[in-house]
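Undergrad: According to this note's numbering, the sequence shown is numbered sequentially starting from 1.
Hints were generated in silico from the structure; no laboratory data involved. Note that the structure is a prediction, hence the values are computed from the model and not measured. All the pointers check out, no bait thrown in.
The list that follows gives simulated cross-link-like pairs (lysine to aspartate or glutamate, DMTMM-like), each with its CA atoms no further than 20 Å apart: (1) K63 with D73; (2) K125 with E10; (3) K63 with D162.
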Amino acid sequence: MSFWKLINFELKRLVIPFVAMVVLTAVIQLIGVYVTANRFVDAVKDVMDDEKIPNFEQFALLKGESTFSHAMDQSIWITAPVLLCIAFLIIYLFFTWYREWLGRRSFIVRLLTLPNSRMIIYWSKLVSFLLAVFGLVAAQLPLLKIEQALYYQLVPDVLVRDFPVDISIANNTLLNILLPPAFSDFMLFYGVGIAAVLVLTTIILLERSYRIVGIIVGLAYGTAVFFLFLMPVIMLIDRTSRFFPKELLAMGIGVVIFVAALSIWWSSFLLRKKITV
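Throw the hints in and build the complete structure from the sequences for me.
TA: Shown next, in the form of structure tokens:
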């Protein structure tokens, strides 16, 4: 079985839960926009009644206009489904490896006895996982534009000010990480994320290779990597640090590359030398 056939096989496994997560995210966020917009209009009407404001135009002059960005800033309706997708991806990362060992005639036996390098199993699972990640992120951007259009349809025109959807992304911490404005931020955030996936995969393979001892070693490795990732952040917060922000960014990228390379090498060693059929 070739590398591309393995990727196709993994993607077929993933397509139904992937579509389910996209639909669930869309439904929750659109409901959130509907609820938030109607609550805002109701609140405006209550203020108008209390303060005897005659119309929406006068309210906008006295109180100011709303924006989609302000209404949905840090909204649980936006962040909850995104966090749910992240949780799903983490669970799926474990599931995509452990399910190969399920059953009396586990599928891992067939995979490990393929004439190709065992690392094609590793790369096919990693690539299909990353395609799912970028697919979910890519679906979020047009979804935000649809949600913004819905918000402006539900709220009277005089009460809202139209801003680009980029402002909404910038004002939401989680969305700003998933859809960073600068390429350097993209490299750092997604580099850390991919490195974390590689570390988790190494921990899984350690457990499969050494069982209880592997869990202990894996947790120790994960903890060490966590503190290694934390070092540039601590230096950035520490005002007494002698490093400039750009130097800390370069340091962070260097740490990510080192951790990724180490995790790939270790996983390769475990797959080739320690995991047997």
